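A.B. asks: Residue numbers (UniProt numbering): 1 to 461.
None of these hints come from the bench; they were simulated from the model.
Treat the hints with caution; some may be incorrect.
Here are the simulated lysine-lysine pairs, DSSO-like style, with alpha carbons at most 27 Å apart [said to hold, decoys possible]: (1) Lys195 x Lys249; (2) Lys389 x Lys246; (3) Lys100 x Lys204; (4) Lys208 x Lys146.
Being a predicted model, the structure only gives us computed values, none of them experimental.
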Amino acid sequence: MPRHTPESRHDTTHEPRDTTFVCTMDPLPSPLPPSTHPDPSHPSNPTFIASVTANPFFSAGAGLIGVGAGLALLRQALNIGTTALRRRVLVSLEIPSKDKSYLWFLQWMSQQPARKTHQLAVETTFKQHDNGSVSTTFSLVPGPGKHLFRWRGAWIQVQRQRDGKMMDLTTGSPWETITLTTLSRDRGVFSQLLKEARELALAKQEGKTVMYTSWGPEWRPFGLPRRRRMLSSVILDNGIKERIVKDVKDFINNGSWYNERGIPYRRGYLLYGPPGSGKSSFIQALAGELEYNICILNLSERGLTDDRLNHLLSNIPERSVMLLEDIDAAFTKRKQADQTGSQSMITFSGLLNALDGVASAEERIVFMTTNHIELLDPALVRPGRVDLKEYLGNATESQIRRMFLRFYEGQEDLAERFVNALRGREVSTAGLQGHFVYYKDNPEEAVSKVESVDESCQLLQ
Numbered sequence: 001m002p003r004h005t006p007e008s009r010h011d012t013t014h015e016p017r018d019t020t021f022v023c024t025m026d027p028l029p030s031p032l033p034p035s036t037h038p039d040p041s042h043p044s045n046p047t048f049i050a051s052v053t054a055n056p057f058f059s060a061g062a063g064l065i066g067v068g069a070g071l072a073l074l075r076q077a078l079n080i081g082t083t084a085l086r087r088r089v090l091v092s093l094e095i096p097s098k099d100k101s102y103l104w105f106l107q108w109m110s111q112q113p114a115r116k117t118h119q120l121a122v123e124t125t126f127k128q129h130d131n132g133s134v135s136t137t138f139s140l141v142p143g144p145g146k147h148l149f150r151w152r153g154a155w156i157q158v159q160r161q162r163d164g165k166m167m168d169l170t171t172g173s174p175w176e177t178i179t180l181t182t183l184s185r186d187r188g189v190f191s192q193l194l195k196e197a198r199e200l201a202l203a204k205q206e207g208k209t210v211m212y213t214s215w216g217p218e219w220r221p222f223g224l225p226r227r228r229r230m231l232s233s234v235i236l237d238n239g240i241k242e243r244i245v246k247d248v249k250d251f252i253n254n255g256s257w258y259n260e261r262g263i264p265y266r267r268g269y270l271l272y273g274p275p276g277s278g279k280s281s282f283i284q285a286l287a288g289e290l291e292y293n294i295c296i297l298n299l300s301e302r303g304l305t306d307d308r309l310n311h312l313l314s315n316i317p318e319r320s321v322m323l324l325e326d327i328d329a330a331f332t333k334r335k336q337a338d339q340t341g342s343q344s345m346i347t348f349s350g351l352l353n354a355l356d357g358v359a360s361a362e363e364r365i366v367f368m369t370t371n372h373i374e375l376l377d378p379a380l381v382r383p384g385r386v387d388l389k390e391y392l393g394n395a396t397e398s399q400i401r402r403m404f405l406r407f408y409e410g411q412e413d414l415a416e417r418f419v420n421a422l423r424g425r426e427v428s429t430a431g432l433q434g435h436f437v438y439y440k441d442n443p444e445e446a447v448s449k450v451e452s453v454d455e456s457c458q459l460l461q
């Protein structure tokens with residue numbers, strides 16, 4: 001058998017030949033640089049930028065944006081500069097409506113002759129009496145807004161603002177403020193102005209009696225101050241007037257005596273008697289004698305609560321007498337009297353605590369009046385709440401004689417005839433006064449028409 005040689009194993013006819021293939025590829029073209037892109041709309045294309053900047057609409061819009069931004073910056077700079085300038089050059093004073101000087105300033109400004117304003121506000125106060133009549137007073141004051149005036153060489157801007165979102169829930173009145181603005185170098189006029197406003201307000205009250213009524217939780221003057229009534233104009237029975245005046249003055253002048261002995265420094269008085277006997281008139285004359293004011297509180301007032309009553313009695317204005325008229329009309333034997341339309345929410349215990357409870361105020365003079373003392377609860381008139389009780393009845397012969405001579409001086413004979421004509425009759429001092437006023441110029445006719453006194457007294461019942 002023949003042997004295969006190595007050469008025969010590599011024969012191409014019998015075995016595959018080892019073949020190597022070489023593939024050659026052309027290189028890919030390299031990407032063009034960005035600057036070589038032919039698209040003119042590409043943002044980086046100088047041609048695009050040039051076309052946009054050359055657009056008139058773009059130029060106009062960019063100009064407006066630039067102007068707006070510049071104006072905004074200028075406005076902000078002006079605001080900052082104005083604020084800084086105001087802080088350096090101007091000074092302001094704010095007076096809230098709760099401050100006592102608020103009403104003083106409004107009244108002062110309304111009376112300045114050089115002030116010219118077309119924005120006025122009216123403040124109306126009224127009181128409805130038991131007989132249905134209404135006493136009304138009007139006061140014109142500067143209204144909300146800005147007012148500019150010159151005072152003592154200084155220009156002052158007055159801005160009265162009313163906040164509609166904030167109000168006193170008790171009174172329902174909106175919160176108000178008055179802001180005075182002037183040059184910093186003229187800041188001294190503020191104290192001078194407030195001082196003059198206070199003196200003007202006190203000058204109106206000098207020699208007069210101010211009547212206060214409750215307005216929500218505070219006391220406010222009712223109407224204009226009244227001329228003080230002379231104590232000699234009220235003619236009571238012998239010794240009554242002198243006894244009360246002496247007791248009140250002794251109380252006022254001995255505050256230290258009460259404090260040293262731990263006795264509450266307050267005094268209560270009860271005047272009782274038929275209508276027209278001079279109870280309210282005497283209290284007004286007594287206040288004038290003492291140079292005190294009068295705070296009148298209606299216990300049947302709508303919305304009056306125990307807390308508010310205690311607050312009012314504890315915050316009486318200085319040098320004032322507290323007056324509770326017709327107290328029997330509010331409570332009868334610890335129960336509220338039946339009054340049509342009364343919506344008072346005070347309780348009898350609340351009244352007692354307000355008069356002499358732990359939280360009750362001191363340095364206080366309280367006068368109570370009633371036509372029917374028999375209807376009052378003994379707890380209300382016990383010592384400590386009522387320290388002195390005085391009966392003011394119908395006119396006695398002594399009162400009739402003295403009243404006649406006060407109206408008709410020197411007519412002693414006519415006075416005796418008048419007293420004899422009324423002997424045995426029940427007449428009130430108010431009825432006598434009305435009779436004398438009607439015949440003020442004719443004392444003879446006042447005596448001859450003595451029967452008309454009874455008619456006047458019947459109207460007071």
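A.B. asks: Each hint: holds or not?
C.D. replies: Structure-based check of each hint:
Our distance criterion of 27 Å between C-alpha atoms is broken by Lys195 and Lys249, whose separation comes to about 31 Å. Of the pairs offered as hints, the one joining Lys389 and Lys246 holds, with about 14 Å between alpha carbons and a cut-off of 27 Å not exceeded. Only pairs whose Cα atoms come within 27 Å are accepted, and Lys100 paired with Lys204 is accepted, the gap being roughly 15 Å. Restraint check: the Cα-Cα separation between Lys208 and Lys146 comes to about 34 Å, which exceeds 27 Å; the hinted pair is violated.
Hints 1 and 4 from the earlier list are contradicted by this structure; the remaining hints agree with it.
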